[in-house]
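Using the sequences provided together with the hints, build the complete structure.
Note that the protein sequences, when read in sequence, are chains A and B.
Heads up, the first sequence is in my numbering, so the first residue is 1 and it goes up one at a time.
Heads up, the second sequence is in my numbering, so the first residue is 179 and it goes up one at a time.
Hints listed in this document are in silico derivations from the structure and should not be mistaken for laboratory results.
Honestly, I wouldn't trust all of these hints.
Said to hold, decoys possible - Calculated lysine-lysine pairs in the DSS-like style (CA-CA distance at most 30 Å, straight line):
| hint | chain 1 | residue 1 | chain 2 | residue 2 |
| --- | --- | --- | --- | --- |
| 1 | A | Lys161 | B | Lys263 |
| 2 | B | Lys288 | A | Lys161 |
| 3 | B | Lys180 | A | Lys93 |
| 4 | A | Lys115 | B | Lys218 |
| 5 | B | Lys288 | A | Lys115 |
| 6 | A | Lys48 | B | Lys218 |
| 7 | B | Lys263 | A | Lys177 |
| 8 | A | Lys48 | A | Lys98 |
| 9 | A | Lys48 | B | Lys213 |
| 10 | B | Lys180 | A | Lys48 |
| 11 | A | Lys173 | B | Lys213 |
| 12 | B | Lys180 | A | Lys173 |
| 13 | A | Lys173 | B | Lys288 |
| 14 | B | Lys213 | A | Lys115 |
| 15 | A | Lys98 | B | Lys288 |
| 16 | A | Lys115 | B | Lys263 |
| 17 | B | Lys263 | A | Lys173 |
| 18 | A | Lys115 | A | Lys98 |
| 19 | B | Lys218 | A | Lys173 |
| 20 | B | Lys213 | B | Lys180 |
| 21 | B | Lys288 | A | Lys177 |
| 22 | B | Lys263 | B | Lys288 |
| 23 | A | Lys98 | B | Lys213 |
| 24 | B | Lys288 | A | Lys48 |
| 25 | A | Lys93 | B | Lys218 |
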Amino acid sequence: MDPSEIETVTIKGKGKAKAAPVKPDDPQGHVISELDAVTAVTERETNKVMDQLDLISGLVATQQALITGVMRHPGAQDPSVQDSINQVMAAGKDIQDKVYEAMDLMQFQDITRQKLERIVHHLRQIHDYIVDLLGTGLKSEGERASIGRTIASTGTTPDEKRAHADSVVEEFKRSQKD
Amino acid sequence: MKILIVDDSSTMRRIIINTLARIGYTDVVEGEHGKAGLEKLGQGGVEMIITDWNMPEMDGLEFVQAVRAQNAAIPILMVTTNAAKEDIVQALQAGVNNYVVKPFTPDTLKEKIESLLG
Numbered sequence: 001m002d003p004s005e006i007e008t009v010t011i012k013g014k015g016k017a018k019a020a021p022v023k024p025d026d027p028q029g030h031v032i033s034e035l036d037a038v039t040a041v042t043e044r045e046t047n048k049v050m051d052q053l054d055l056i057s058g059l060v061a062t063q064q065a066l067i068t069g070v071m072r073h074p075g076a077q078d079p080s081v082q083d084s085i086n087q088v089m090a091a092g093k094d095i096q097d098k099v100y101e102a103m104d105l106m107q108f109q110d111i112t113r114q115k116l117e118r119i120v121h122h123l124r125q126i127h128d129y130i131v132d133l134l135g136t137g138l139k140s141e142g143e144r145a146s147i148g149r150t151i152a153s154t155g156t157t158p159d160e161k162r163a164h165a166d167s168v169v170e171e172f173k174r175s176q177k178d
Numbered sequence: 179m180k181i182l183i184v185d186d187s188s189t190m191r192r193i194i195i196n197t198l199a200r201i202g203y204t205d206v207v208e209g210e211h212g213k214a215g216l217e218k219l220g221q222g223g224v225e226m227i228i229t230d231w232n233m234p235e236m237d238g239l240e241f242v243q244a245v246r247a248q249n250a251a252i253p254i255l256m257v258t259t260n261a262a263k264e265d266i267v268q269a270l271q272a273g274v275n276n277y278v279v280k281p282f283t284p285d286t287l288k289e290k291i292e293s294l295l296g
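Okay, here's the thing in structure tokens:
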């Protein structure tokens, strides 16, 4: 990761005891594009972690194949040797399982990205409201940052509104049958 | 069994592809939003769709409606962060067959896929 990417975001996030006055050539896009950069960087870096996990997974698979070859060797037929090899194989499987678990945990990136996008959406609404109120005329499309996802009525769901998906699906299917 | 995955997050597509591979599905095509998904679907051979909801260009709900306008039978699983009851009902009304809320476990995805293909 290029440290300057994060540094830019961090520095701008800090030291804001007094907010700078908004200039006509420095509209809302500034903050929004910073958030945009955060999501882009975390997605890219998450993919790098995924690359490493894929690599580990491949190495474990290679190791398992090599050990399987060793097990067939005449010198490895002793029960105690076979037992030790089986333990190594089991440990390899444990590593593989943990690698898969780590990959699954990377879902956090997409979830946090969507939460950030929702924040951006609300910031934009506040900005537009203030601009309308003051009539400063800053609200052109060219001044908007690049986040273009449709999140007006969707996005991440607050915990208190989360439903149990399976129950809702079952209820819906029952209602369709009736 | 060719599965189409539609999600704007490359990380999520990768996680889903990994999970599918672990449960035996390796023939996968990808789209980063609804429009790309429709293009891939048009190329033929897709037997199941896994789609996100919140995406640029064409979101998952519009995508599902567009798919259903031309194909009433293909199984569609929606995998999304949207977890409110009204969202789930809206997706089901649009034509999804089942619904998974992120984050999901491999077992959940496997169970949903198997029940759809069942």
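- Query: Going straight from one Cα to the other, do Lys93(A) and Lys218(B) come out at no more than 30 Å?
  - Reply: Status violated; Cα separation ~36 Å.
- For the pair supplied as a hint, Lys263(B) and Lys288(B), confirm whether the alpha-carbon distance does not exceed 30 Å. 23 Å, holds
- Given the proposed pairing of Lys173(A) with Lys288(B), does the C-alpha separation stay at or below 30 Å? 20 Å, holds
- Item | Agreement of Lys180(B) and Lys173(A) with the hint, judged by alpha carbon distance not exceeding 30 Å | 26 Å, holds
- Query: Given the hint that Lys48(A) pairs with Lys98(A), does the C-alpha gap stay at or below 30 Å?
  - Reply: 17 Å, holds
- Given the proposed pairing of Lys213(B) with Lys180(B), does the C-alpha separation stay at or below 30 Å? Measuring from Cα to Cα gives roughly 19 Å; hence the hint holds.
- Would the pair Lys48(A) and Lys213(B) pass a check requiring their Cα atoms to be no farther apart than 30 Å? The hint holds at about 27 Å.
- Does the structure keep Lys115(A) and Lys263(B) at a Cα separation of 30 Å or less? Holds. Lys115(A) to Lys263(B) sits at ~19 Å (cutoff 30 Å).
- CA of Lys98(A) to CA of Lys288(B), is that 30 Å or under? Holds, because 18 Å separates the two Cα atoms, which is no more than 30 Å.
- Item | Distance restraint between Lys213(B) and Lys115(A), which requires alpha-carbon spacing of 30 Å or less | 24 Å, holds
- Holds or violated: are the alpha carbons of Lys115(A) and Lys218(B) at most 30 Å from each other? Status holds; Cα separation ~29 Å.
- Holds or violated: Lys263(B) to Lys177(A), with C-alpha atoms at most 30 Å apart: 19 Å, holds
Hint compliance for this structure: hints 23 and 25 are broken, all remaining hints hold.
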